[in-house]
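Engineer: Sequence:
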Amino acid sequence: MIDLLVLWAWELDADFVVRLEKACNARQVSIYFAGEHDIPKLPALLESGQVQARCAIDRVWDWGGEWERHVPAMRAHVPCMLNHYDEVRLIWNKPHIHFQVIAHGLHAPHMLVLPSVQAEPNPNLMDLSRLGGPFSIKSAHSGGSGVLRPATTWQDVLDKRMEWPHDETLMQTWVEPRTLTFGQTEKRAWFRVFYACGSTFVCWQDDRTHRQTVVTPEEESQFGLDVLRGMVHQIANVCGLQLFSTEIALDQNGIWQVVDYVNDPCDYRLQSTAHEGVPDEVVTAVCERIAGWVKRQRRGGGERAGGRPLEKKKKKKQ
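Quick note: the sequence shown uses this note's numbering, first residue 8, plus one each step.
Source of the hints: derived by calculation from the structure; they are not laboratory data. Since we're looking at a predicted model, the values are computed, not measured. Glycine included, each C-beta is placed from N, C-alpha and C at the ideal position. Since no wrong hints were added, every one of them can be taken at face value.
Using C-beta positions, here's what the derived DEER-type ranges look like:
#1 His103 with Asp274: 17 to 27 Å
#2 Gly72 with Glu193: 44 to 54 Å
#3 Leu19 with Arg306: 32 to 42 Å
#4 Pro224 with Pro122: 41 to 51 Å
#5 Glu43 with Met133: 41 to 51 Å
#6 Tyr39 with Leu165: 48 to 58 Å
#7 Gln191 with Gly42: 43 to 53 Å
#8 His111 with Arg218: 24 to 34 Å
In silico EDC-like cross-links for lysine to aspartate or glutamate, where the CA-CA straight-line distance does not exceed 20 Å:
#9 Lys194 with Asp213
#10 Lys194 with Glu225
#11 Lys29 with Glu295
#12 Lys48 with Glu73
#13 Lys302 with Asp10
All chains, full assembly: derive it from the sequences and hints.
Structural biologist: Shown next, in the form of structure tokens:
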């Protein structure tokens with residue numbers, strides 16, 4: 008029985024995979040990697056019992072098509088997923104998670120939703136004044152927000168929605184972060200926080216360049232940034248995931264805004280090899296938390312996000 012099965016095929020995941028293997032080996036957690044050429048054979052191996060795993064991380068299924076043919080077999084034969092397929096699909100729907108976040112007492116930029124081009128080719132003009140000024144435009148199932156530019160007109164919306172004709176278009180109030188000064192350094196109060204199996208790792212993330220730097224204990228103390236950890240634990244309770252990242256900004260009115268709710272799968276490229284990558288020490292720490300969590304599953308002390316006990320699942324019949 009393997010403790011952790013990892014499915015991966017993106018070449019830029021290689022550094023993450025190396026660190027995860029090292030973290031598992033240090034904790035006597037057995038790990039098995041299924042790469043690009045192994046994944047097509049995986050359903051048969053799982054069905055026959057040649058591959059058996061307690062837990063799994065699937066970093067390919069979100070590509071769709073051939074890359075998700077193994078999902079039914081994974082559902083049937085791997086009892087513990089980081090993260091569960093159904094819960095990930097829910098967080099991919101940004102309007103859904105937007106209203107869930109607000110319902111749990113957090114703030115998020117005001118949102119308007121426009122049907123897809125396919126559903127409504129010639130929409131009526133919407134009252135954009137409700138957004139209070141410049142706004143961002145993205146699709147309802149987009150990945151990370153990327154480096155966006157503020158929009159101001161209805162024509163901006165009509166032009167942008169043509170890039171995703173089968174998806175809804177979201178318009179949200181543009182968040183301009185405060186500037187915080189630490190010593191001689193000024194930083195924009197925009198943060199990416201990584202959540203891994205109950206632990207949080209807070210990074211500054213410049214919203215203009217996406218360059219990330221780890222928040223120091225001194226910065227966290229001076230600016231009261233521990234509030235971010237509490238917010239992210241709330242988000243973990245909302246989404247039920249064990250691994251994700253989120254973006255949170257302090258706006259000009261001093262309000263913490265959840266600006267990019269839940270991202271999974273996370274981009275774990277190392278900053279030492281990619282300008283927009285994650286600080287290397289954060290990736291290493293995430294891998295250590297994963298290895299520790301998997302080891303606890305072997306001991307029967309599993310937890311889900313927010314400390315909720317794992318539900319016992321019956322094996323599905325095929």
